[in-house]
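**Student:** Going line by line, the protein sequences match chains A and B.
Just so we're aligned, residue -3 is where the first sequence starts under the working numbering, counting upward by one.
Just so we're aligned, residue -3 is where the second sequence starts under the working numbering, counting upward by one.
A couple of the hints might just be wrong.
In silico EDC-like pairs for lysine to aspartate or glutamate, Cα to Cα no more than 16 Å straight-line [unchecked claim]: (1) 406/A - 340/B; (2) 556/B - 340/A; (3) 543/A - 526/A; (4) 543/B - 526/A; (5) 406/B - 302/A; (6) 553/B - 515/A; (7) 406/A - 333/B; (8) 555/A - 515/B; (9) 0/B - 78/B; (10) 546/B - 302/A; (11) 555/B - 373/A; (12) 209/B - 314/B; (13) 556/A - 515/B; (14) 553/A - 51/B; (15) 304/B - 526/B; (16) 543/B - 373/A; (17) 546/B - 333/A; (18) 546/A - 526/B; (19) 450/B - 507/B; (20) 406/B - 333/A; (21) 543/A - 223/B; (22) 209/A - 333/A; (23) 553/B - 373/A; (24) 556/A - 373/B.
Rather than coming from a laboratory, the hints here were simulated on the basis of the structure.
2 protein chains.
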Amino acid sequence: MSKKYAIGVDFGTESGRASIVRVADGREVATYVHPYANGVIDEHLPGSDMELEPDWALQDPNDYLEVLKTAIPAVLARSGVDPADIIGIGIDFTACTMLPTTADGAPLCFLPQWRENPHAWVKLWKHHAAQPEANALNERAREAGFGDLLDRYGGKISSEWFIPKAWQILNEAPEVYEAADRLIEAADWVVWQLTGRETRNATTAGYKAMWSKSEGFPPPAFFRALDPRLENIVDEKMSREILPLGAKAGGLSEEAAAWTGLLPGTAVAVANVDAHVAVPAATVTEPGRMVIIMGTSNCHMVLGQEFKTVPGMCGVVEDGIIPGLAGFEAGQSCVGDHFAWFVENALPADYRREAEERGVTAHQVLEEKAAKLMPGESGLLALDWWNGNRSVLVDVDLTGMLLGATLATKAEDIYRALIEATAYGTRLIIETFIEYGVEVNEIIATGGLPNRNKLLMQIYSDVTGLPIYVAEAEQIGALGAAMHGAVAAGAAAGGYNAIQEASRHMARLREEHYEPNPEHHAIYDQLYAEYVILHDYFGRGENDVMKRLKALRTDIKRKK
Amino acid sequence: MSKKYAIGVDFGTESGRASIVRVADGREVATYVHPYANGVIDEHLPGSDMELEPDWALQDPNDYLEVLKTAIPAVLARSGVDPADIIGIGIDFTACTMLPTTADGAPLCFLPQWRENPHAWVKLWKHHAAQPEANALNERAREAGFGDLLDRYGGKISSEWFIPKAWQILNEAPEVYEAADRLIEAADWVVWQLTGRETRNATTAGYKAMWSKSEGFPPPAFFRALDPRLENIVDEKMSREILPLGAKAGGLSEEAAAWTGLLPGTAVAVANVDAHVAVPAATVTEPGRMVIIMGTSNCHMVLGQEFKTVPGMCGVVEDGIIPGLAGFEAGQSCVGDHFAWFVENALPADYRREAEERGVTAHQVLEEKAAKLMPGESGLLALDWWNGNRSVLVDVDLTGMLLGATLATKAEDIYRALIEATAYGTRLIIETFIEYGVEVNEIIATGGLPNRNKLLMQIYSDVTGLPIYVAEAEQIGALGAAMHGAVAAGAAAGGYNAIQEASRHMARLREEHYEPNPEHHAIYDQLYAEYVILHDYFGRGENDVMKRLKALRTDIKRKK
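Using the sequences provided together with the hints, build the complete structure.
**Tutor:** What follows is the structure in structure tokens.
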């Protein structure tokens, strides 16, 4: 087995990354990044003057093919690995990132007659223009008695998800909707291109398209309640054959073998989502240990033996992360983004100068100064809602708050208060899971922040009272994708029969970890209690001032 | 009368200013500033290594004499006015700024045996080390049934005022208390030095030492309730002869004439306070028009026909501003200080750079950008409590809050929100006055901010819905002091018999003024309603989180 390798391809927002890892121990032997030529399309369509409206975010599916054609051969060459020793390929993708195609998988935007229609292109995960459809969905589905279904997703479906995006196509470009034989996640579309076979994966189906293992997609009555024209969307545009993660979607086609330099027939795993492959890649395949991907936002994932409805979560999907277990997901919509906002909009000139003179980042200067403070010493408390609240309030109209400022308040006090606020938000998510019967005993961190901000990690440990371990892999998505490739190949081919086994061999934690400081934890208990009072006061309807201010702001900007 | 002049001497925190003004029309013909050699003494006593504790702030009374000896001859020389044409002198002072003296007026700190004792020096208005005495006073006086007396001062006596400062001397240096034949406001002490006669003025007695025209100083039972040793403080250390403003304290002594170059016998007015002389110097001698001195903090003064107890005011004193009327004072402890804090601690480097490149202040850059916003457009709302709340909550333990922040929030949004918050605070003070029967129809602004920040003035007008006029005089304190000098001289000497008459001739408003924009006022009505809800939630006990955070902060800093 030590001579066998798997390839993981991680499709991000701006680029795709291919990594080759050893199946025996998960070590990365080479990696290669290929940027998307058309990147995020949010101003005008490529080769066209047509301007997009705000909130639009598209991609070009050809950019995904270019990753296969460029990054896989390049990483093969870098590694010196014999293609015969590559036993499997897995991919992970942003989601919900979806597109309309013909019955044979051709994206409509590849066809000349549709090329000028923005609805023929890929709608990227952060395309937010389907908010009217999301609002209508949430209202009409509940009215029609499908509230339980919404409650699996924290009570509200996001405008970022599959059904609002599909409905937006129908509303704004019914001719594109009509012409589309398939509406499909880009993740599944890429696997289709690799294998020549259409498959759909349980993760995007479950978390983004309201599918569940026991009930399938929502019934026609659900879609009819939204819009009679949507009634048969599942029959007409989708596939009901949803494969579990790690299943083999097929063997690499001759055409894809030619693109990539790999052997035809190489096992290709069913597609997956970037956040969700990170869980086994961070060593977690059992209940009790929560994986948090910490970056511009936080994504919290934890497994459970039983399906539970926990209020304010992003979703719970059976088999959604690890086959045989319920996968729970929650999120905080603004974490690293807080600190980036602060540095861009509120960093005093002398801090900036210090960073420049010392050749360090402004974040490092702030972290050093903030690390000298004890919990409670700043006197500040913030609500981490600069970009709304995902879990557990599921309310994009909430806004940020800072309280406790005096004439002695310094930049590092505010910076630390923002870190602490995101830690309180995470603790509230964890306590909500526990309250509803989902066990959380430990945190495994991955993503960009754990590598950059030790203070943040210690504060999260002190606030939650839980130990925090850090996943070893730098490219957690590519590793997780490759692990699923090794499972798709199976033990007989030198891979693994189950993701749990792959995780045991291929995933590792760092030795360094964080334990809660009991003295700091006791102070944070007091501060967290204050956070909860304000969280509920502003977030649960007692004083809707944030929403009223936001509505007034929108109104005034519109009239101006 | 056109050849007659009066001198006003304005004793500030860092320097004294003498101005010569024409009695006929109040025009300043010359002005001269003399900085105090020892300034604010807050580190160690002059000529001594003895270190002062934090919160101490002393002055050297010799610095006041040097102003008389330097600034008056200098301004006489500059003006070319014949001393025979100077008919009167008035002074105004910071308050409560007080000192212990012998029976003949010698400051104890002038005597070698007391020179090393900090309690022998002048306690400046911002000496805050008598907080324990202020706390004890407020508690014991109310327990002893003197709550009504406290309620004249918003329910609490400040640590900055006369009785806590006197009591601190007794507690910490009983030998100094014992040796002091007099405890006296520096304002009255300077007039004593000019005339050779001890007088006390109604303003400092009323606003700072709890005197009232009908009841005099508090009775011995009041002082006994605080501390039996204080029982006879009024008999032993003070003078009960309180003179109304504009009264003649006496004629200039031979000695003071020699210091100043003025003629012996020149009328000297009873002392006054900087804020209070500003009222008639801003044309106000009748009810209905509120004078606001806008600077680092705001001081609001308005006159009433009747004595009323208005909750949360700094004080109400009969004859305290204008003889024959009740003088009401309220305050906001942090106004310009907010904006200074913001520029020092939260101004992004590119704003700083823009200011430097354009050769303007950072405030100007922020003001220009903030002026482009409509009310409500920032989506932000702040509570203006970075330095506690003076009126109407009288609570130094309240802290600042900012709400409504998003990832799109810019520095100018926050800057404008801070300006608006101080305007809401002023509106709340005005509405409280009106609710308790004190008329306010118009605002007259003076102080440093009206000259520097037109946006702020317009926002105050838009928020309050009142027109705002601006006093013409740049040196409002010196003009007000000189006006009282002209009244002390009297009409027979070419002056005036009443301050109302002096005000009519000597004070003026600028032509330019501010009228509320009805559209903006309507939006601010909505925002102000939100401010009031949060003001009451955080300020009136529903959620004392600010106090708990501040107490925790103090506790942690102490243990650290």
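**Student:** Keeping to a limit of 16 Å between CA atoms, is the pair of residue 556/B and residue 340/A held or broken?
**Tutor:** Distance ~32 Å between residue 556/B and residue 340/A Cα, so the pair is violated.
**Student:** Is the Cα-Cα distance between residue 304/B and residue 526/B 16 Å or less?
**Tutor:** violated, 28 Å
**Student:** Tell me if the straight-line CA distance from residue 543/B to residue 526/A falls inside 16 Å.
**Tutor:** The hint holds at about 11 Å.
**Student:** Starting from residue 209/B, check that the Cα of residue 314/B is at most 16 Å away, please.
**Tutor:** This hinted pair holds, its Cα atoms lying about 6 Å apart.
**Student:** Given the hint that residue 543/B pairs with residue 373/A, does the C-alpha gap stay at or below 16 Å?
**Tutor:** holds, 13 Å
**Student:** Measure nothing beyond the straight line between the CA atoms of residue 0/B and residue 78/B; if it is 16 Å or shorter, mark the hint as holding.
**Tutor:** holds, 9 Å
**Student:** Checking one constraint from the list: CA of residue 556/A to CA of residue 373/B, max 16 Å. Satisfied?
**Tutor:** This hinted pair holds, its Cα atoms lying about 9 Å apart.
**Student:** Under the criterion that the straight-line Cα-Cα distance not exceed 16 Å, is the pair residue 543/A, residue 526/A satisfied?
**Tutor:** Violated - the C-alpha atoms of residue 526/A and residue 543/A are around 21 Å apart, more than 16 Å.
**Student:** Does residue 333/B lie within 16 Å of residue 406/A when you go C-alpha to C-alpha?
**Tutor:** holds, 14 Å
**Student:** Keeping to a limit of 16 Å between CA atoms, is the pair of residue 546/B and residue 333/A held or broken?
**Tutor:** violated, 28 Å
**Student:** Residue 553/B and residue 373/A: Cα distance at most 16 Å?
**Tutor:** Satisfied, since the Cα-Cα distance of roughly 6 Å is no more than 16 Å.
**Student:** Hint check: residue 546/B vs residue 302/A, CA-CA at most 16 Å. Holds or violated?
**Tutor:** Distance of about 44 Å is beyond 16 Å: violated.
Taken one by one, the earlier hints fail for this structure at numbers 2, 3, 5, 10, 14, 15, 17, 21 and 22, listed in ascending order.
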